[in-house]
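With the hints as your guide, set chain B onto chain A.
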Amino acid sequence: MESSIIKERVSDVLVSVLEHNNFEMHDELTAKDVDGWDSLSHMMIITEIEEHFNIRFKLRDLNKLKNMGSLISVIQSKI
Amino acid sequence: MNLLLDIQEAIEKNDTQNAFYFGDTFYTYKEFAQVISNIRKGIQDHISENDSTVGLITNDDIETYASIIALWLEGKAYVPLNPEFPESRNHTVIKQAEINSILDSSTDKVFDQFKTIQSNTLDIAEINLTPRQIGPNELAYIFFTSGTTGTPKGVPITFGNLSGFIDAFWDLGYEITNKDRCLQMFELTFDLSVMSYLAPILKGACIYTIPKDEIKYSYIFELMEDHELTFALMVPSILHYLRPYFDEINCPAMKFSLFCGEALPLDVTQEWSQCIPNATIANVYGPTECTIFCTDYTYKRDSENKTYNGVLTIGKDMKNTTTIIVDEDNNEVGIGEKGELCLSGAQLTPGYWKNEEKNKEVFFDKEHEGKKVRFYRTGDLCTVDDQGDILYLGRVDFQAKIQGFRVELSEIEFHAKTVLDKKNSVAVAFINSIHNTEIGLVIESTAFDTKQLIEDLKNRLPQYMIPTQIRFIDSFPLNTNGKTDRKKLKEMFN
Numbered sequence: 001m002e003s004s005i006i007k008e009r010v011s012d013v014l015v016s017v018l019e020h021n022n023f024e025m026h027d028e029l030t031a032k033d034v035d036g037w038d039s040l041s042h043m044m045i046i047t048e049i050e051e052h053f054n055i056r057f058k059l060r061d062l063n064k065l066k067n068m069g070s071l072i073s074v075i076q077s078k079i
Numbered sequence: 001m002n003l004l005l006d007i008q009e010a011i012e013k014n015d016t017q018n019a020f021y022f023g024d025t026f027y028t029y030k031e032f033a034q035v036i037s038n039i040r041k042g043i044q045d046h047i048s049e050n051d052s053t054v055g056l057i058t059n060d061d062i063e064t065y066a067s068i069i070a071l072w073l074e075g076k077a078y079v080p081l082n083p084e085f086p087e088s089r090n091h092t093v094i095k096q097a098e099i100n101s102i103l104d105s106s107t108d109k110v111f112d113q114f115k116t117i118q119s120n121t122l123d124i125a126e127i128n129l130t131p132r133q134i135g136p137n138e139l140a141y142i143f144f145t146s147g148t149t150g151t152p153k154g155v156p157i158t159f160g161n162l163s164g165f166i167d168a169f170w171d172l173g174y175e176i177t178n179k180d181r182c183l184q185m186f187e188l189t190f191d192l193s194v195m196s197y198l199a200p201i202l203k204g205a206c207i208y209t210i211p212k213d214e215i216k217y218s219y220i221f222e223l224m225e226d227h228e229l230t231f232a233l234m235v236p237s238i239l240h241y242l243r244p245y246f247d248e249i250n251c252p253a254m255k256f257s258l259f260c261g262e263a264l265p266l267d268v269t270q271e272w273s274q275c276i277p278n279a280t281i282a283n284v285y286g287p288t289e290c291t292i293f294c295t296d297y298t299y300k301r302d303s304e305n306k307t308y309n310g311v312l313t314i315g316k317d318m319k320n321t322t323t324i325i326v327d328e329d330n331n332e333v334g335i336g337e338k339g340e341l342c343l344s345g346a347q348l349t350p351g352y353w354k355n356e357e358k359n360k361e362v363f364f365d366k367e368h369e370g371k372k373v374r375f376y377r378t379g380d381l382c383t384v385d386d387q388g389d390i391l392y393l394g395r396v397d398f399q400a401k402i403q404g405f406r407v408e409l410s411e412i413e414f415h416a417k418t419v420l421d422k423k424n425s426v427a428v429a430f431i432n433s434i435h436n437t438e439i440g441l442v443i444e445s446t447a448f449d450t451k452q453l454i455e456d457l458k459n460r461l462p463q464y465m466i467p468t469q470i471r472f473i474d475s476f477p478l479n480t481n482g483k484t485d486r487k488k489l490k491e492m493f494n
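Protein chains in written order, with UniProt numbering: chain A, 1 to 79; chain B, 1 to 494.
The shape of chain A in the complex, shown without the other chains:
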């Protein structure tokens, strides 16, 4: 899957969990930049992404998710 498509779908997941779209998708985007993306919603976002792409993150993957770019590439490596 192309990363632009993955990015779009991740964006949809964020909107559905966080209930707003006040963010711009780019590779350097981090949780800190997005309202409401805290440790609680992070867990929900991860679960939603797993279901949406039908993949499963390993615990080790979670530490690699430093920003949107790394999230997209970890997802890409799993589908």
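To be clear, the hints were calculated from the coordinates, so they are not data collected in a lab.
Glycine residues also receive a C-beta, built at the ideal position from the N, C-alpha and C atoms.
All the pointers check out, no bait thrown in.
Over the 12 angstroms line for every Cβ pair with chain A, so calculated as not near, a few chain B residues: (1) S52; (2) K95; (3) P277; (4) N359; (5) R374; (6) F448.
Straight-line Cα separation of at most 30 angstroms, DSS-like style, residue types lysine-lysine; simulated pairs: (7) B:K212 x A:K66; (8) A:K7 x B:K216; (9) B:K216 x A:K64; (10) A:K78 x B:K212; (11) B:K422 x B:K487; (12) B:K401 x B:K417; (13) A:K66 x B:K458; (14) A:K32 x A:K64; (15) B:K212 x A:K58; (16) B:K488 x B:K417; (17) A:K32 x B:K212; (18) A:K66 x B:K109; (19) B:K338 x B:K401; (20) B:K458 x B:K115; (21) A:K64 x B:K458; (22) B:K417 x B:K490; (23) B:K216 x A:K66; (24) B:K95 x B:K422; (25) A:K78 x A:K7; (26) B:K216 x A:K32; (27) A:K64 x B:K212; (28) B:K401 x A:K66; (29) B:K451 x A:K66; (30) B:K372 x B:K338; (31) B:K216 x A:K78; (32) B:K401 x A:K58; (33) A:K64 x B:K255; (34) B:K401 x B:K360; (35) B:K109 x A:K32; (36) B:K255 x A:K58; (37) B:K458 x A:K32; (38) B:K255 x B:K30; (39) A:K7 x B:K451; (40) B:K216 x B:K203.
Leaving out everything else, chain B in the frame of chain A:
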């Protein structure tokens, strides 16, 4: 103070051992001793002899931990100030604790308007870990916890209290040596952090902290596996996060896995015990007022464990604590009967910082075994069985535990009311789908956009106190006593 002499001896004896691991850097005890001595000299040069409390910006680095020891060697108490907390809250704490000086390891100092010693720019000083003459009634730290009227309340802990805790902790037999690698997962404004750095220092063990920008639970897992941690005190919410990944975790090096700060469910504990096959698991309990923790229960791998509603017992009082369970008139209740858990002993705080009103409310004297003893009401509803094990049933008041932090729901309501221009609201703590506690806010009003409300609350309260879900209701339901039916409101979040 023997405790401080013990710290000195341990640091000097283990100078070649690793003391800390931050991010990806190890520091030896020798390096630690050097940083302590530099900061100590800075304190001597810049802070008045009469200043007994000093603010400490809680960064995750060697200077911050060295500042604590340096202050103690000088007989001064530290008051942790989290730079991520709202400025207004930190200002309240600074004012209340009568802080004149702040130790800060940040490159750009956090508070411009206060006298700050930047602990990472000090000159090299001669190593000096010999403590001054310090009495047991002098303060080691003051931690501020959530207060009911919108003002945090200070809990001062003396060196005598802290010595009482350490003595009782070693008595449990959860042994640490200079070969051990210990987790310190707590923000320094949370008193479980004290146990997590102090016990390892006293034995020359290595302390592993969590960088602020990491996701706690997955980072803990990597530390456990990559660095073969042997000792870990955690809050149970970490287990709830890790639970979906238990099948990936195998850490045979772990020797002691302690839990504190929240109810510990038996089923999760059983599953966790498979991830750490060689570890002793313990459930410890205690409020900040009774110095870190004061009761202990060792989980039994091979036989039945005592529970109430699926929650493990908090066990028996430790060596230097006495517990009783009382009714509303402070009379002890019988075995198996419910009542409020009260604590006394060497670990008990001398009382809230400059808050006589609150002290009268929660401390009382009572004849116990022929002596007049001062007890503290914990606000925890408990019962004790015929073997002396205490079972935790819930809170008697409106407090909640969020990620181990004690939260007065009324403090959230107080600020919500101010922000909402007198609209009524009720804060409730509810258990979400992954068994962690979340805060919900019900507002007595027709629905409106709550973005501004959340923004305003964030300027007044720490992140863990911000409601994560909001509901609206035309008018609050009342219970048979004519009070707001909080139970019904809580059901709105299921």
